[in-house]
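Novice: Sequence:
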Amino acid sequence: MTFAQPPKDPLQRALLRAPIWIYRLGLGDLLGERLVLLTHRGRTTGEARQAVLEVVGRNDNTGAVLVASGFGNRSHWFRNILEEPRVLFQIGGRRRRGTAEPLPPEESGQVLAHYAQRHPRAASALMRGLGHDVGGGVRDYERIGSDPVNGVPVVRLVPDAPEAGLPGFSAPRGADVPRPRN
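Numbering-wise (full-length UniProt numbering), the sequence shown opens with residue 1 and increments by one.
Everything labelled a hint here was simulated from the structure, so no lab data went into it. Note that this is a predicted model, so its numbers are computed, not measured. Just to be clear, a hint being listed does not mean it is correct.
Beta-carbon label-pair distances, calculated as ranges [stated by the list, open to error]:
id	residue 1	residue 2	range
1	T45	P120	36 to 42 Å
2	R118	R79	25 to 31 Å
3	Q117	E33	17 to 23 Å
Note that CB positions come from ideal geometry on N, CA and C, so glycine has one too.
Go ahead and model the full structure; you've got the sequences and the hints to work with.
Specialist: Encoded structure:
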């Protein structure tokens, strides 16, 4: 089995990053509730970085959302949140400050299996595109999510407060904002 890598071709990268510009233009509502704009700090530069990810689960009471790292631990955003878990995230027009918490492997597997039950075609196409064999159904999604080396880890984005008005997406600076490690 071969695993897909993040795109290196400039055109492919531009196409995958197009939703970021939709959010930056203030049109996040057009993308609905299934996508989230994640703003995080680069682990070496400390600069603000962004990625648009699919929401694989949510808790409407707490405002927490679940996102999957399709490229596993090779994803830059995933490696960055391991170093600095303080993030900003936006779904539609709602922006929040919060914390990114990777789920334990077994829980990641359960989340992916549940997502596959709710959105079977999308989940199957995504996993095949990433090089994962999901021919056997729900157990395959559990296996992929539970694999800590070549799997698809799931991250919980937990808001600090129910609603936080944030002034855009520039890299925040201030006493309460974590600084990059030297």
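Novice: With reference to the structure, classify each hint as holding or not holding.
Specialist: Verification of the supplied hints:
no.	hint	in the structure
1	T45 with P120: 36 to 42 Å	holds (39 Å)
2	R118 with R79: 25 to 31 Å	holds (28 Å)
3	Q117 with E33: 17 to 23 Å	holds (18 Å)
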